[in-house]
Amino acid sequence: MYTQGLSNPDAPAPAKAVEDAGLAARFQDRVDAEERIEANDWMPEAYRRTLTRQISQHAHSEIIGMLPEGNWVTRAPTLRRKATLLAKVQDEAGHGLYLYAAAETLGRSREEMFDDLLSGKAKYSSIFNYPTLTWADMGAIGWLVDGAAIMNQIPLCRCSYGPYARAMIRVCKEESFHQRQGYEIMVALCRGTPEQKAMAQDALDRWYWPCLMMFGPPDGDSTHSDQSTRWKIKRFSNDELRQKFLDALVPQAEYLGLTLPDPGLRFEPGAGDAVKDGAMKDGVRGHWRHGPINWDEFRQVLAGNGPCNRERISARRRAHKDGAWVREAAAAYAAKQAKQKRAA
Amino acid sequence: MATTSIQVNETPLVLYLLRRADDALILGHRLSEWIGLGPILEEEMALGNIGLDLIGQARSLYAYAAEAEAAGNDEDKFAYLRDAPQYRNLLLAEQPNGDFGQTMVRQLFYSAFADLYWRAMTESHDATLAAIAAKSEKESAYHLRHSSEWVIRLGDGTEESHARVQEAVDLLWPYTGEMFECDATERTLVDGRTIIDPATLRDAWDHTINAVLSRATLTRPKNPWMQGGGRAGRHSEHLGHLLSTMQHVQRTYPGAAW
Amino acid sequence: MSDVKTPNTPLWEVFIRSRNGLAHKHVGSLHAADATMALQAARDLYTRRGEGLSIWIVPSHAITASDPADKGMMFEPTVSKVYRHPTFYDVPDEVGHM
Chain A
88 MYTQGLSNPD APAPAKAVED AGLAARFQDR VDAEERIEAN DWMPEAYRRT
138 LTRQISQHAH SEIIGMLPEG NWVTRAPTLR RKATLLAKVQ DEAGHGLYLY
188 AAAETLGRSR EEMFDDLLSG KAKYSSIFNY PTLTWADMGA IGWLVDGAAI
238 MNQIPLCRCS YGPYARAMIR VCKEESFHQR QGYEIMVALC RGTPEQKAMA
288 QDALDRWYWP CLMMFGPPDG DSTHSDQSTR WKIKRFSNDE LRQKFLDALV
338 PQAEYLGLTL PDPGLRFEPG AGDAVKDGAM KDGVRGHWRH GPINWDEFRQ
388 VLAGNGPCNR ERISARRRAH KDGAWVREAA AAYAAKQAKQ KRAA
Chain B
129 MATTSIQVNE TPLVLYLLRR ADDALILGHR LSEWIGLGPI LEEEMALGNI
179 GLDLIGQARS LYAYAAEAEA AGNDEDKFAY LRDAPQYRNL LLAEQPNGDF
229 GQTMVRQLFY SAFADLYWRA MTESHDATLA AIAAKSEKES AYHLRHSSEW
279 VIRLGDGTEE SHARVQEAVD LLWPYTGEMF ECDATERTLV DGRTIIDPAT
329 LRDAWDHTIN AVLSRATLTR PKNPWMQGGG RAGRHSEHLG HLLSTMQHVQ
379 RTYPGAAW
Chain C
3 MSDVKTPNTP LWEVFIRSRN GLAHKHVGSL HAADATMALQ AARDLYTRRG
53 EGLSIWIVPS HAITASDPAD KGMMFEPTVS KVYRHPTFYD VPDEVGHM
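Chains as they are written, first to last, in this note's numbering: chain A, 88 to 431; chain B, 129 to 386; chain C, 3 to 100.
Simulated from the structure, these hints should not be mistaken for lab results. Quick caveat, the model's predicted, so the values are computed rather than measured. Heads up, some of the hints might be wrong.
Stated by the list, open to error - Once the Cα atoms are required to be at most 27 angstroms apart in a straight line, the calculated BS3-like pairs of lysine-lysine come out as:
(1) K27(C) to K73(C)
(2) K205(B) to K263(B)
(3) K423(A) to K408(A)
(4) K7(C) to K408(A)
(5) K260(A) to K368(A)
(6) K423(A) to K7(C)
(7) K27(C) to K260(A)
(8) K73(C) to K319(A)
(9) K331(A) to K368(A)
(10) K208(A) to K7(C)
(11) K7(C) to K426(A)
(12) K73(C) to K83(C)
(13) K319(A) to K331(A)
(14) K284(A) to K368(A)
(15) K319(A) to K260(A)
(16) K205(B) to K284(A)
(17) K27(C) to K266(B)
Please build the complete structure, drawing on both the sequences and the hints.
See the structure below:
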């Protein structure tokens, strides 16, 4: 999801520190008892490291995620759309900030984390490396990308690490308008002219597969998942979340009169409790199954070879570089004021 | 389906409303161009908030203009289907963002005016305008505070920031005079106590600006020569480009609903 | 670019009173060069949906926190003082609410 980079261990683990086995066992007991871990509590180094990476990647994804939609703020076709899109992109900046604040409680500074993003060392979600080509992409992103994000983020509200869980509660509360905003755009397009409907279908065609990829590699390939599950950082597997997303998506697309670009899509009737939260089709409960995902594309995008990886990072680098004089001025002024205050 | 611009029956009240709405929309649009590119992440929130306030003010004013004109136009037709010569905003509002200092100086000049203006307009005999003014006044007061604090920090920050922001002050100064103009059309509304004469705010604006510039160790430009024309639709070269971006989707798919 | 380290900007903790009658509550943190800008950033970041009527910001380094390792001596001795709670006392039912 927003932290897919975790699936590709890119940093060698530091020499295994000798940790007190008693402390570690007590830590796990607390996690098992659904107690929240707070910033100053003892925690295994690996827990701290995993969370720092996960939360900062999540924050980076929010910050980079502003760019594809920011691309259309100045071209939004009505004033209402303009205001809502601007508010949404602004929320993403806010969510990035909540998340950086949560990550900082683990000991790394925002500046260090942000420098890692700009240097290319840190990862962010693959989804934001795709271009936004028409206005319909604002609908598709809200509907699909935010829809996928919310599937992932709701369980994170119960994450074992308190500051992360609290940030996610705030994020989820605020994001509840994002998906509705996107779907409303899609509804307007699908009820509009044939050209508008074609625009909506084209956007769905381009965003469907990348959104399925957003949940990360299939469960068998995900290296960090088991430990994250034991630590109650992760509550559902990639495949479980992807399934929930697809089951919700199919009827929404049907309502719009749009076709999912997936020739392999099929309904699999199920039985009993196994599918109690699945999809309904013709009075039967079951699950929608997608066709094969092109994981090669996913790996390439994550490795930096998506259509917009370079633009996204260079836009943020440029903004950071162009803003250096502003940050220096603010720091210089604060220093002068503090000096005057001391002298007074 | 026509792609041509709308015609507006510019009665004094409609013209007045379009002028103020256009100021807010064009400046709000400029601020929205910053999204994702701010110097500090926290500042992206601030720029977004100010932009949203201004777009909100524009929408209220356009809605009232549509009601006053009663010719089937609405906020989106006013915003998206008028060409540059039909726009009535201040030249100041359409000036490009430049660097962050330039954006903050533009905001300071405008907000120092808008704060006074909307506060005075809460006394309007037109109830709708008085209500719009009451909301806009609070928003503008914050915009003024935020932009003042930044101009002070940039002016009294580093040598580089001082030079940059002084240059922005010099660049934008000639666009400040237009805010205080009151032509014959608006004069009729002033006489009816619908609006106030902006010239009456000049001293208070000078006072605010002088105080900020002084704390910022910046120099107030001496040349009294001022640019004008925006209120009559004679704009700088920048507005056409702004509109070609803003109106792109509406103009490409005429008649579609979004 | 990748080798340039961005200097740290001070960290502030943000507390918000959501309505009169309630205490200020910690909502998160942010970065700003000085207190004035921190207060404005707190307003822009943490009160976008009418969450606040009053904001406090405090430099993060000014906070002194208890050590979780001291939890035992700090907080457990009170657990046995059940007589501090009204439910410790028996009052005949006939007397009613007291």
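For each hint, the structure was consulted:
no.: 1; hint: K27(C) to K73(C); verdict: holds (22 angstroms)
no.: 2; hint: K205(B) to K263(B); verdict: holds (24 angstroms)
no.: 3; hint: K423(A) to K408(A); verdict: holds (24 angstroms)
no.: 4; hint: K7(C) to K408(A); verdict: holds (12 angstroms)
no.: 5; hint: K260(A) to K368(A); verdict: violated (31 angstroms)
no.: 6; hint: K423(A) to K7(C); verdict: holds (23 angstroms)
no.: 7; hint: K27(C) to K260(A); verdict: holds (18 angstroms)
no.: 8; hint: K73(C) to K319(A); verdict: holds (23 angstroms)
no.: 9; hint: K331(A) to K368(A); verdict: holds (15 angstroms)
no.: 10; hint: K208(A) to K7(C); verdict: holds (13 angstroms)
no.: 11; hint: K7(C) to K426(A); verdict: holds (25 angstroms)
no.: 12; hint: K73(C) to K83(C); verdict: holds (17 angstroms)
no.: 13; hint: K319(A) to K331(A); verdict: holds (19 angstroms)
no.: 14; hint: K284(A) to K368(A); verdict: holds (25 angstroms)
no.: 15; hint: K319(A) to K260(A); verdict: holds (21 angstroms)
no.: 16; hint: K205(B) to K284(A); verdict: holds (22 angstroms)
no.: 17; hint: K27(C) to K266(B); verdict: holds (25 angstroms)
In summary, the structure is inconsistent with hint 5 from the numbered list given earlier, while agreeing with all the others.
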